[in-house]
Amino acid sequence: MRKIVASGKTIEEAVRNGLHQLQTTEDRVRTVVLEQPSRGLFGLIGTREAKVELEELPTPYDHAEQFVIEVASCMGLKVKVSGSDSKDGFLLEVEGEDDLGQMIGRRGQTLDALQYLTTIVANRYSDKPVRIVLDAEGFRERRRKTLEELSDRLADRVVKTKKEVTLEPMSPQERKIIHSQLQNHPLVRTFSQGEEPNRRVVIALLERNAKEKIGE
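Residue numbering for the sequence shown follows our numbering, starting at 1 and increasing by one per position.
Read the hints as simulated data drawn from the structure, not as lab findings. Where is the CB? At the ideal position from N, CA and C, for every residue including glycine. Each hint can be trusted.
Result set (BS3-like, lysine-lysine): computed pairs, CA atoms no more than 27 angstroms apart in a straight line:
no.: 1; residue 1: Lys145; residue 2: Lys162
no.: 2; residue 1: Lys128; residue 2: Lys176
no.: 3; residue 1: Lys87; residue 2: Lys145
no.: 4; residue 1: Lys145; residue 2: Lys163
no.: 5; residue 1: Lys162; residue 2: Lys176
no.: 6; residue 1: Lys3; residue 2: Lys51
no.: 7; residue 1: Lys80; residue 2: Lys3
no.: 8; residue 1: Lys145; residue 2: Lys80
no.: 9; residue 1: Lys9; residue 2: Lys51
no.: 10; residue 1: Lys87; residue 2: Lys176
no.: 11; residue 1: Lys160; residue 2: Lys145
no.: 12; residue 1: Lys160; residue 2: Lys176
no.: 13; residue 1: Lys163; residue 2: Lys176
no.: 14; residue 1: Lys3; residue 2: Lys128
no.: 15; residue 1: Lys87; residue 2: Lys128
no.: 16; residue 1: Lys176; residue 2: Lys145
The following label-pair restraints were derived from C-beta to C-beta distances:
no.: 17; residue 1: His20; residue 2: Cys74; range: 33 to 43 angstroms
no.: 18; residue 1: Gly105; residue 2: Gln66; range: 20 to 30 angstroms
no.: 19; residue 1: Glu149; residue 2: Glu13; range: 55 to 65 angstroms
no.: 20; residue 1: Gln109; residue 2: Asn184; range: 25 to 35 angstroms
no.: 21; residue 1: Tyr116; residue 2: Glu26; range: 23 to 33 angstroms
Can you build the whole structure from these sequences, using the hints too?
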């Protein structure tokens, strides 16, 4: 973690200056006052500024990254984890020298389970809800494209046969992909049924004058 010393006319100003240097917020640092401000003769000569030491605190993402690395190690995998913000949450991308297939699992089931556990770990060290998206070797993007193509094919089948199609159980994240892909389809609608972890997406014919039902 980074540690700096910042100064200012007041303690508050010194802290603000330090936060600006670290590009962070006060709740993410440990602050130690090194010197109190003082005024010299007549309030002008020998004036001494305040000095504070700011040390960055570990973020919940540091703990999440370490957790993934440790789990991978138990699988016999040596990996590198990098984090970044994404529209769906904080993205942790896993890369490794070995094949990460066992970490991904069948249709991403192992990766989804690890993502769930990693989210729990991150939230233990955060004062506000944290959402983690875990990816390995670009699996999420490949899976998204697969589900979008599947959605289109099944929608065509529903239109031709006039019979609804029920997909296999999926995670909320994957069900959302199906719903989003078909939400503007002129002839079909989608909805989810069942309870987790066996909740499924249903693609059905959009009957005339029927109200479209789209859900998570």
